[in-house]
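Those sequence lines, one after another, are chains A and B. Taking the numbering used here, the leading residue of the first sequence gets 508, the next gets one more, and so forth. Taking the numbering used here, the leading residue of the second sequence gets 145, the next gets one more, and so forth.
Rather than coming from a laboratory, the hints here were simulated on the basis of the structure. All values reported here derive from a predicted model rather than from experimental measurement. Just so it is clear, CB atoms sit at the ideal spot from N, CA and C, and this is done for glycine as well. Certain hints may be false.
[Claimed, not checked] Stretch-level coverage of chain A by chain B, calculated; a stretch enters the list once three of its residues show a Cβ under 8 angstroms from a Cβ in chain B:
1. 527–538
2. 867–874
[Stated by the list, open to error] Some residues of chain A that are not near chain B, with every Cβ distance over 12 angstroms (derived):
3. Asp-548
4. Ala-549
5. Ala-562
6. Ala-636
7. Ala-665
8. Leu-723
9. Ser-814
10. Ser-835
11. Ser-844
12. Leu-936
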Amino acid sequence: MPEYQRPLTVAEYEQNFSQIKPDMTATMAYNESARCLFCYDAPCQQACPTGIDIALFIKQIHTGNLQGSARTIYNSNYFANICGKVCPTEVLCEGSCVHNHSQNKPIEIGRLQSYASQHAIAENIQLYAVPKEKTKGKVAVIGAGPAGIAAACELSKAGVEVHIFEAKSSPSGLALYGVAPYKITNQEILEEVAYLQAQFGFSIHYNQPISSKEQLAKLEADFDGIFLGIGLGATNPVLANTQNWANVWGATEFIEQLKTDFQKVVIGKNVVVVGGGNTAMDAASETARMGASSVKLVYRKSKEEMSAYEFEYDLAKQVGVQGIFGLSPAQLLGDSSLKGVSFTNEKGETVEIGCDMVVLATGQQKQTQFLSQIDGLELNKQGKIVVNEQFQTTNPRYFAGGDAVNGGAEVVNACAEAKKAAQAMIKTLFS
Amino acid sequence: MPNISANLAGIKSPNPFWLASAPPTNSGYQIMKAFDAGWGGAVWKTLGVPVVNVSSRYGAVHYKGNKMIGLNNIELITDRPLADNLREIEEVKKYFPNHAVIASLMVNTREEWHQIVKDAQNAGADGLELNFGCPHGMCERGMGSAVGQNPIALETITRWVMEVAKVPVIVKLTPNITDITEPAKAARRAGADAISLINTIQSIVGIDLDNLVPYPVVGNQSTNGGYCGPAVKPIALNMVKNCALDENVRLPISGIGGIETWRDAVEHLLLGASNVQVCTAAMHYGFGIVREMIAGLEDFMRQKNFETLNDFIGLSLPKVKHWEDLNLNHKVVATIDSSKCIGCQLCYTACEDGAHQAIAVSADKSIRTPQIIEDNCVGCNLCSLVCPVDNCITMERRDDASLPAKNWAELVAQDQAPTTFNDQRGGGVGHWNPTPKDAWDKRKNNR
């Protein structure tokens, strides 16, 4: 019997996906913050893509200035609690903590960050003097993911009226629809977005995809500038599902279904996950926790060449995922239903692995078709939006940040890029 | 946005955070770096008679992995040429006209005092601080704390300075004295504009048990040094309070001693200081430490709706009385939140061995949470101090708050205070204590 049973109730789901970074109590935060050395030119701050003054916010937790601590974090990163929970801190701030060098445990920076920011969210603390009347100008943001919302916050703080157009019915893009459920709950994500929206006063228009040239033209007419936070598209169809078999998933689509309505997700008994990135690790872990009997993670290159972080692979192995290396996906196998996948190994031989569910974590396509409708907007050879150092595209009224620019990185990268883009928009469009 | 601009006896600064006269203020380079980092003022490392320093110069008290909770120094006043310091004072003032630059001074004769005061003023110092506190190396030569411990000498020299001073004069006091208000009053009599306290406390921080030489080790010898850092804050706060409350002092106070966080600074201000000076924290963490202090001060003021520092300077003073004024009717007892208790039983052993045997542990060893014996609890709150869990032990009021307060002074005046040794009105009468034999029984039962 597999370690995890398929969760039928919310309680069982929360149990299967118990949080890997649980909230800290006041005593835990006090003791952990005491360990921070308050380094000069702290390596953790240097490692943080948003440059949070980590030593300061930790010290502020310790001296009982929680509000100040939250402000220190939000000054640099609007997704304070979300990043505290979902960031790969093991390879960013915590990974660079100097305690590692003396073989002490690094400071639990992510959990401390959540501790401080949750205080601000729970108490609905107004950290900034935000102009109620937004008279500086108008900006349209396409996509209410981390990039779009971060840009909206920064622009709104400066008095710009911001309208976000979001295709889905909920905000925060992959933070909600893509991040593994054991990293953060949906509720927490929505709470932080609601807190930001209440504080900064931007509008989000849900179920309003922007896809046509006419819609873009209208935005260009109604707004002074446009920020593209559109992220990436559908999963690369590395294996063609010509027979339209059930249980053949792109990882992005599978995880979105899981995050939106887990009770509708049916997991096969024997799952094959194709890929070697962090998304593959997540998908593998999630299928195991949803009750699969066996989960095989199959990557075409060697274990050392996997792009996934070591700790993400460890998480997957901890729930029983088996890693198989050196096999390139060739085609799906089956008759009336999916029966397996055939791979080619380094020697060119065919290797078949039986399964009744396949998840392709083989990267997402760029949204080139949509972007081609924007006049003068250049994409590079990989289909990523070309931007200058201010994250301005080659169409000067369009700025961009996040996955559509960097090709698919972390939530924190989207937040960092969008903030810089918004600052540049304020300078170039409104001064 | 709260206004944190400060004013000490007419010396203005953008905020109340000054660097104290010490190694961090040895050079104009450091002071300018500090101002860039956010500090509001700096007192230059004492200018005066020529000196030569030893190596090494510092020792520290480290406590259970926390480095330098106390710092001891045997360093002297500046050993840099006076001309260099004066030139740099002028340069710093040119770049930072709105920040406070104070010249700390220590010389011998009246002529020397007159000359150095004029030199410092010509260089553009916003104020002068008279160093009557250095407790090693200078006092043997009749300066520093030798003056601070001698109110007559202090008054004499301060008068000399006031004869030629054109900028505010701050007298820095040494804590190595029985009653700090005595030199403070002397400063006032002499016409000084403000006092700053405390300077460092005479101390020995520890001994190198291999060589049997105290720290800091100079060859195979040592000497006592001046102690500072977080460990001395309680001494400083008490002395600030004493000077602030004494009606014959009535001078603005610059609070010095153990300030590392916003809380420490606010505590000094609440007890009457108009600004604060910091040394050890800057030596430990660099000038960047001030950013937590500034943010914390502002957030504190926001939460309390204080618009300026004057809204809360000295606000705690009316609450500090003489012991005999405290309400004897005020009764509290300890309570343990069993949902938070982690079962270390430190409260039990503290009370059992160190206080009033008012906490019990269960005979069932699987139950680790102790119980308060309320009848025996005198409300000393020792347990709440040793408990490692936030808010696990709290003190709860048990007296009838509607009853009028009653204090020792009134008891004595009304002839109701206990006077004889076995007086029935004594505080411990009727309070249960275990008998000596109970300790013997415990040993026998191994509990």
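Structure-based check of each hint:
no.	hint	result
1	527–538	holds (count 4)
2	867–874	violated (count 0)
3	Asp-548	violated (9 angstroms)
4	Ala-549	violated (10 angstroms)
5	Ala-562	violated (8 angstroms)
6	Ala-636	violated (8 angstroms)
7	Ala-665	holds (17 angstroms)
8	Leu-723	holds (41 angstroms)
9	Ser-814	holds (36 angstroms)
10	Ser-835	holds (52 angstroms)
11	Ser-844	holds (53 angstroms)
12	Leu-936	holds (27 angstroms)
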